[in-house]
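Throw the hints in and build the complete structure from the sequences for me.
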Amino acid sequence: MTHPSYKRSRRSISTRRLIALLRSLAKYLIVVIVAVIPIIPILLMYGWLLVQSFSSRVVLGLVPSGLTIENWKFLWSPVKMGLKTYPNIWPITLNTLFIALGEAALVVLVSTMAGYALSRMNFRGRVGLMQFIIALHAFPSVILLIALFIILNKLGLYGKGYLTLMGVMLIKAGLDIPMASWIIKGFFDSIPWDIEWAALVDGCTRWRAWRSVIVPLILPGIGAISIFSFLSGWSEFLLVFTYVKDETYYTLPVLIYHLIGEFRFINWGMLAAIGLFYAIPTLIFFSTSQKLLLRIYVGGIKR
Amino acid sequence: MVRVTLDHVSKFFGKVKAVVDLYLEIRDGEFVALLGPSGCGKTTTLLMIAGIYKPTKGRILFDDEDVTDLPPKDRNIGMVFQSYALYPHMTVYENIAFPLRLKKAPKNEIDRKVKEVAKLLQIDHLLDRKPSQLSGGQQQRVALGRALVKEPDVLLLDEPLSNLDAKLRILMRAELKRLQKELKITTVYVTHDQVEAMSMADRIAVMNAGRLQQYAEPHDLYNKPANLFVAGFIGAPPMNFIEGSIREVNGNYFFDAGVFTLKLSNELGELIASKSTDVILGFRPEHAKISITERPNAIKGAIYVTEPLGRDMVVNVKVGNIIIKVLTEPNPTLTPGKTVWLVISEDKMHFFDKSTEKAIV
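So the sequence lines, in the order shown, correspond to chains A and B. Everything in the first sequence is counted per the working numbering, starting at 377 for the first residue and increasing by one. Everything in the second sequence is counted per the working numbering, starting at 36 for the first residue and increasing by one.
By construction, these hints were calculated from the structure, which means they are not laboratory data. It is possible that part of the hints are untrue.
As the list claims (entries may be wrong) - Taking CB as the label site, the calculated pair distances span:
no., chain 1, residue 1, chain 2, residue 2, range
1, B, Arg-147, A, Arg-502, 42 to 48 Å
2, A, Ile-660, B, Arg-213, 57 to 63 Å
3, A, Arg-496, B, Gly-172, 27 to 33 Å
4, B, Pro-72, A, Ala-514, 55 to 61 Å
5, A, Tyr-404, B, Leu-206, 50 to 56 Å
We treat Cβ as the ideally placed atom computed from N, Cα and C, and that holds for glycine.
Written as structure tokens, this is what we have:
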């Protein structure tokens, strides 16, 4: 004699399995909708850039028409648009590199030491300083344009060619150091005290312990902030646009702007090509340092 | 090989008094253990000897030289941390060689010394590995090697065995003791495990709440504890404590605990009564004898529960509302509920003043 409730529970096991399957399907769908689908337009845009830079005619879509390398001529010959001749792309790239690499070097140098002090040393106003750093992070550079102009002028860094670019580099570094110090402080925090103590007992001065034992352990952190600060300098537009008037000292973002802004006729192909050229370091860095950048969220060292 | 003296050393962290007025003399080549519960100040003391913490008050002397202001690197000490603190980015060889490199020793000398130490500690086959590729016991030996390779004057160890499994711990205890005797290095060993301290040290400094409780050889700590804390901390199972008072009746002295009374010899009674009348009686579980027949001047109670341990047996005896633990040979006739009499010989009795907690006898 079969019990009715026994029969019912047998049915519900397969129903339960079905429900569980539908649930996991629903989860995948949500992930796809929220995470994957928004990326598609971005990928399409990059795709278009690539395609347009090799097409002689304007293209709406991903199929190139009239394959040509004409658009990439700027790499080896000066750009002529109407009556205006723009400077060679390579010095401009060097200017951009100057700001980007300079900023990276300065930020790494200062924030590794600042981060260490914040992490390890007890001094008055330490907590207040840390709170101030977080607050500073909220400042966009736009607000500071006029004030920074006055400062640059007073320092004799305005309108002086490479000195102005250096001024921009110093400003960028100054704006990025607080956050970078905060990130590095986090890495230092995760190094246990007794490794430092062991180094001191073994015969290190404080400086030697920092150099030989601690810094090697936070290399992922240093790698991460150097990439971030390089890209921050590489992508800086507003400050250079505001303070640099002589086109010999332009940087890539400013050059691209001028290619768009001054003519009724826009050479889309060349624009796409220069845009892609400009994006290359960013793409390289991000594709090669995925693991490194993720480490910021994972932390420093395994004990 | 130096003498280490802590001359009335105190360490305060703001309002927190980690170490208070510590006076300790460690002889040349001696193995001294700093023993106490967590937070008693023993690690802080060790770090002050190392030079990582500076004493708030007092001085530290190596032989007769004041090293209080000397940084760790100039003190010629070797230290093993509880977590081993090996440098994760260096190989075992590099880890051990590091102190010698800092001394700028010639390359072949470094090589010779590192291999010597590695052979002594039986890790010479691990020299190319990184710390993350080693087991706990191997890491500990690398840490020891790094501490010993520069032939330090003082060796400092902060609970080096606490991260090892029980079996390895017992093995390493004997190994460390033998090594210390062989190398004759003045050694300071921090631990919370009294068995470790008792089995390894020449003298033990028992600390509690930042203060030194007693500094003596293991058998003195066991047989003549200076106060209630030391008496209760040393020995497992811990000493039984019973509050009571000393009464004199017609020239006879008694210890009255309410639930029982014990007659004391006149000399003992007089001695205690002269110091104090409110006392605490202490005796170790292994020093009380259980009898199932009535005995004179014994404590009468009933067996509450027995804990067989294989080699011994702990019998919990209920007397009134107190439980007394007795350690005895395994005896199946001792069952819960049975009435027993406990006999303690006077020379195994300890008396402590109730208010000062100091030992009277």
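Cross-check of the supplied hints:
no. : hint                               : in the structure
1   : Arg-147/B to Arg-502/A: 42 to 48 Å : 47 Å, holds
2   : Ile-660/A to Arg-213/B: 57 to 63 Å : 59 Å, holds
3   : Arg-496/A to Gly-172/B: 27 to 33 Å : 31 Å, holds
4   : Pro-72/B to Ala-514/A: 55 to 61 Å  : 48 Å, violated
5   : Tyr-404/A to Leu-206/B: 50 to 56 Å : 53 Å, holds
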